[in-house]
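Undergrad: Working from the sequences, and respecting the hints, build out all of it.
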Amino acid sequence: MRIRIVDIAKDFGRTGALRGANLDIRDGELIALLGPSGSGKTTLLRVIAGLEIPNAGRVFFDDQDATAVPVQQRRIGFVFQNYALFKHMTVNDNVAYGLRVLPRAIRPAQTQIRSRVEELLDLVQLPELGKRYPRQLSGGQQQRVALARALAVEPRVLLLDEPFGALDAKVRKDLRRWLRELHGRIGHTTIFVTHDQDEALELADRVAILNLGKVEQVGKPDEVYDNPDSAFVMSFVGDTSSIPVEFDGTRLLHEGRPLVATFGASRTGPCRLYVRPRDVVLDKPAADRLPGTIVNLHRTAAGRRAQIALGKAATVIEAEIDMSLATSPGEPVGISFAKGRVFPE
Amino acid sequence: MLEAGRASAAPVPITTESRLARGTLIALAILVLTIFLILPVLVVFSEALGKGLSFYLATFREPDAQAAIRLTVIVAAIAVPLNTLFGITASWAIAKFEFPGKSLLITLIDLPFSISPVISGLIYVLLFGAQGYFGPWLIAHGIRIIFALPGIVLATVFVTFPFVARELIPLMQEQGNADEEAALTLGANGFQAFLTTTLPNIAWGLLYGILLCNARAMGEFGAVSVVSGHISGLTNTIPLQVELLYNDYNFTAAFAMASLLTLLALVTLAAKTLVEMRYGDSLAVSSRY
Amino acid sequence: MPIRTQSLRFKQPSVLPGFGLAFGFSLFYLSLIVLLPLAALVAEASGLGVTGIWRIALEPRVLAALRTSFGLAFAAAVTDLLVGFLVAWVLTRYQFPGRKLLDAAIDLPFALPTAVAGIALATLYAPNGWIGAIFASLGVKIAFTPAGIFVALVFVALPFTVRPVQPLIGEIDRSLEEVSATLGASRWQTMRYVIVPMLSPALLTGFALAFARSVSEYGSVIFIAGNLPYVSEIAPVLIVIRLQEFDYRGATAIAVIMLALAFSVLFAINLIQAGGRRKYGHA
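Chains as they are written, first to last, in this note's numbering: chain A, 1 to 345; chain B, 1 to 289; chain C, 1 to 283.
Just to be clear, a hint being listed does not mean it is correct.
[Claimed, not checked] A few chain C residues that face chain B, going by a derived Cβ cut-off under 8 Å, partial list only:
no., residue
1, Phe25
2, Tyr29
3, Val34
4, Phe74
5, Val116
6, Leu124
7, Asn128
8, Arg174
9, Ser216
10, Leu243
11, Ala251
12, Ala255
[Claimed, not checked] Derived pair list, reagent style DSS-like, types lysine-lysine, alpha-carbon separation capped at 30 Å:
no., chain 1, residue 1, chain 2, residue 2
13, A, Lys312, A, Lys339
14, A, Lys87, A, Lys173
15, A, Lys131, A, Lys170
16, B, Lys102, C, Lys11
17, A, Lys173, A, Lys220
18, C, Lys141, B, Lys51
Honestly, the hints are just simulated from the structure, not real lab data.
Backbone N, C-alpha and C define an ideal beta-carbon position, used for all residues, glycine too.
TA: Put into structure tokens, the structure is as follows:
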């Protein structure tokens with residue numbers, strides 16, 4: 001099912017408000033709503049679900065205006081961060097719930113419900129746990145039951161609100177992979193909210209970045225990472241350092257010294273250059289390189305980084321450096337940039 | 001139903017009943033509470049003042065009425081301090097120490113709540129009544145317990161002794177021993193530690209417990225009815241006097257006496273609400289009934 | 001250093017003093033006030049023996065009184081369960097003017113002396129009372145009939161079904177209600193399959209307390225009941241009558257039966273609660 005979100009505004013009088021969000025979601029895609037807390041991503045998810053009524057704007061499911069449709073009739077599947085399993089029901093009863101509350105006219109027979117529950121538990125790889133109670137399951141298992149429960153009523157879209165937020169790091173990684181696989185198999189349109197950019201980039205077909213109640217950019221993970229539309233997107237997705245520079249119409253200048261490229265600068269005047277650590281090139285000081293001093297070096301899980309104070313203003317930037325590079329704090333270096341983006345101040 | 005495009009004032013969550021259902025339920029609840037709870041209180045005052053204010057006040061000038069009030073106050077003045085002392089010592093032992101049989105002790109303390117007030121009176125008659133176990137001995141020595149003040153005090157003590165303890169035990173358990181231990185390390189002895197650390201911490205809970213204990217002590221009917229001689233002017237507390245007047249068809253006087261206890265109940269409730277509002281966290285979180 | 005053998009200890013070692021004094025006094029007080037009189041009850045009861053008690057239990061008048069007491073207490077407790085749930089829900093979930101006042105009023109039956117409640121209710125529901133008159137015009141008599149007892153018991157036990165439930169209603173996880181809605185359940189279905197089961201421990205507790213209180217109630221009931229033997233006579237009244245006849249044994253027998261029956265009900269409810277806790281943890 002396609003979903004179109006048009007100019008949604010929602011005001012709580014506090015954080016999490018939406019101020020004109022627009023988004024087109026394609027049929028069958030796995031899309032992430034990514035953003036810092038307060039960006040409105042959970043609110044947007046809940047508006048799509050029908051759990052919040054927007055102050056303005058419309059939501060379209062395929063071509064139907066679903067804005068005024070009550071949540072019970074939207075045929076969506078929702079998975080909460082805290083699983084929200086019914087503690088007083090067995091796993092079987094939890095999964096069967098959506099089928100049991102169907103109006104008598106369209107409710108399937110008991111035997112059909114039971115076999116569907118079995119199917120679903122197989123699908124989420126929890127075949128023998130039907131008679132257990134939620135409190136007897138691990139967090140990861142509970143979340144899978146929650147997913148099975150959401151899938152039972154054949155929803156048109158799956159909505160996941162920080163589904164792995166309450167789980168350990170290892171479990172989170174396993175479930176991420178598992179979710180990706182599951183989506184490959186069943187192909188529902190799936191929208192999930194996360195504040196973890198790794199999760200979004202790893203899982204999603206497309207990523208929508210939200211900031212201050214608006215969708216800043218939406219695109220494939222590579223697009224969003226390599227071609228960010230704004231400073232916010234660039235610095236939120238992946239590490240960045242930013243350097244104050246000036247564009248005079250033809251050249252990009254840092255403290256008067258021209259840089260080798262303009263990195264997409266367009267507006268004259270003061271602006272900022274954003275670079276990723278691995279695009280910072282360390283070399284010996286030279287005339288066509290920016291002068292800097294190494295402030296410190298540290299290990300990361302992936303390798304080694306240096307913090308460098310650049311120029312007279314001593315702006316601190318981060319660079320990824322080779323494991324074998326022999327250098328130490330205090331050493332003067334010459335900096336150039338393999339890639340970067342300029343955004344207005 | 002759902003109006004997208006209109007600014008919502010206070011957001012009503014999806015998880016609530018429709019406006020119509022809510023309105024109906026609220027109206028129903030108000031109706032039920034008014035009929036069942038508020039009307040009886042109004043009836044008391046309406047009947048008490050039924051013959052005018054001067055008649056109302058004259059009721060309290062009757063010697064029997066004054067005797068009843070005196071007796072009630074005396075009984076409360078004995079029972080409440082005793083039970084407060086018990087409450088403090090029992091909760092000190094239970095909340096601050098570990099020993100086997102604690103839950104048995106707590107169950108015993110809860111006992112009067114599970115027993116009919118009539119049975120509470122019965123057990124003292126069995127002990128001290130004319131045909132009770134100590135009956136003949138008491139008669140031989142000219143001591144009267146049943147049908148006299150001591151019996152009434154005993155029955156009242158029995159029925160009201162849990163109140164202070166039940167308020168203090170969970171409170172003191174929540175508060176833990178840290179303050180007292182700190183006082184001890186600074187050189188205080190046990191009693192000083194209690195006065196300077198425990199007492200201030202439990203002050204509001206203690207007050208609340210005493211208020212409840214007192215209200216119940218003055219208002220106890222069933223247990224006292226069994227052990228009292230029902231002799232107007234001698235062994236009638238206010239509740240018993242109310243019964244006497246009512247059974248004599250002296251309704252207005254009966255309600256006049258009853259209004260005293262009703263006022264006490266209202267004051268107790270008001271005090272409770274006030275204390276809970278301002279010092280909610282100084283009261284036991286679990287105030288069971 | 002030689003190792004000292006652990007001597008048999010009653011209480012765990014503690015820095016705080018005063019245990020002996022406090023515990024000793026409490027125990028002394030309890031023995032005097034509670035244990036001694038209860039021992040008299042037990043002694044009297046064992047004087048009768050189980051057969052003796054059973055014989056008295058089967059006396060027609062006693063049976064009738066027990067039936068009245070327990071039957072009406074049960075009915076009142078069920079009514080209070082429903083009314084109490086309604087009131088607890090409304091007071092916790094909704095905002096409306098006067099809510100705080102009504103919330104405080106719930107404690108009235110608890111704070112008001114039973115005799116005062118008794119005469120007030122009797123007057124209110126008498127044929128010429130404010131409410132009794134309305135029913136009288138419909139040909140229904142409340143005061144001086146079992147219906148009057150029922151009404152008095154509903155009054156007396158109401159706080160017990162409201163107070164335990166209120167905090168639980170406040171703590172309900174809204175996401176459970178939301179997820180139920182996303183799965184297509186109507187508000188009524190959510191109430192029935194999700195909310196009420198979650199509240200059932202508190203509801204059961206409230207029912208048990210209300211039942212226990214109703215069975216033992218005396219002062220609120222004797223004025224509005226007709227106290228007609230076999231019709232509107234409750235067990236506590238029968239106990240008092242036996243005492244007035246100096247039939248200590250008879251009174252004791254009825255008391256013991258009442259206690260035994262009441263405790264059985266409470267015990268059964270406790271078992272149900274424990275079973276639920278075992279299966280799915282604290283609700």
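Undergrad: Look at each hint and say if it fits the structure.
TA: A quick look at each hint next to the structure:
Evaluation of the Phe25 of chain C hint against chain B yields a held restraint, the C-beta minimum of about 5 Å falling below 8 Å. A cut of 8 Å between beta carbons decides the hint on Tyr29 of chain C: the least distance to chain B is about 5 Å, and the hint holds. Interface hint status for Val34 of chain C: upheld, as the beta-carbon distance to the closest one in chain B is roughly 6 Å, under 8 Å. Taken as an interface hint, Phe74 of chain C does not check out: its beta carbon lies about 16 Å from the nearest beta carbon of chain B, beyond 8 Å.
At its closest, the beta carbon of Val116 of chain C sits 4 Å from a beta carbon of chain B; the interface hint therefore holds under the 8 Å criterion. Contact between Leu124 of chain C and chain B, as hinted, is supported at the beta carbon level, the nearest pair being about 5 Å apart and thus within 8 Å. Violation of the interface hint for Asn128 of chain C is found here, the shortest Cβ-Cβ separation to chain B being roughly 11 Å, above the 8 Å cut-off. Against a cut-off of 8 Å between C-beta atoms, the interface hint on Arg174 of chain C holds, since the closest Cβ of chain B lies about 5 Å away.
With 8 Å as the threshold, the beta carbon of Ser216 of chain C comes within range of chain B, its nearest partner Cβ sitting at about 3 Å, so the hint holds. Evaluation of the Leu243 of chain C hint against chain B yields a held restraint, the C-beta minimum of about 6 Å falling below 8 Å. A least Cβ separation of about 6 Å between Ala251 of chain C and chain B falls short of the 8 Å threshold, and the interface hint therefore holds. For Ala255 of chain C, the interface hint holds, since its Cβ comes within 8 Å of a Cβ in chain B; the closest pair sits about 5 Å apart.
Of the pairs offered as hints, the one joining Lys312 of chain A and Lys339 of chain A holds, with about 23 Å between alpha carbons and a cut-off of 30 Å not exceeded. About 26 Å separates the Cα atoms of Lys87 of chain A and Lys173 of chain A, which keeps this hinted pair within 30 Å; it holds. Our distance criterion of 30 Å between C-alpha atoms is met by Lys131 of chain A and Lys170 of chain A, whose separation comes to about 27 Å. A distance of roughly 10 Å separates the Cα atoms of Lys102 of chain B and Lys11 of chain C; the hinted pair therefore holds under the 30 Å criterion.
For the given pair, Lys173 of chain A sits about 21 Å from Lys220 of chain A by alpha-carbon distance, which is consistent with the 30 Å threshold. Straight-line distance between C-alpha atoms of Lys141 of chain C and Lys51 of chain B comes to about 27 Å, which keeps the hinted pair within the 30 Å bound.
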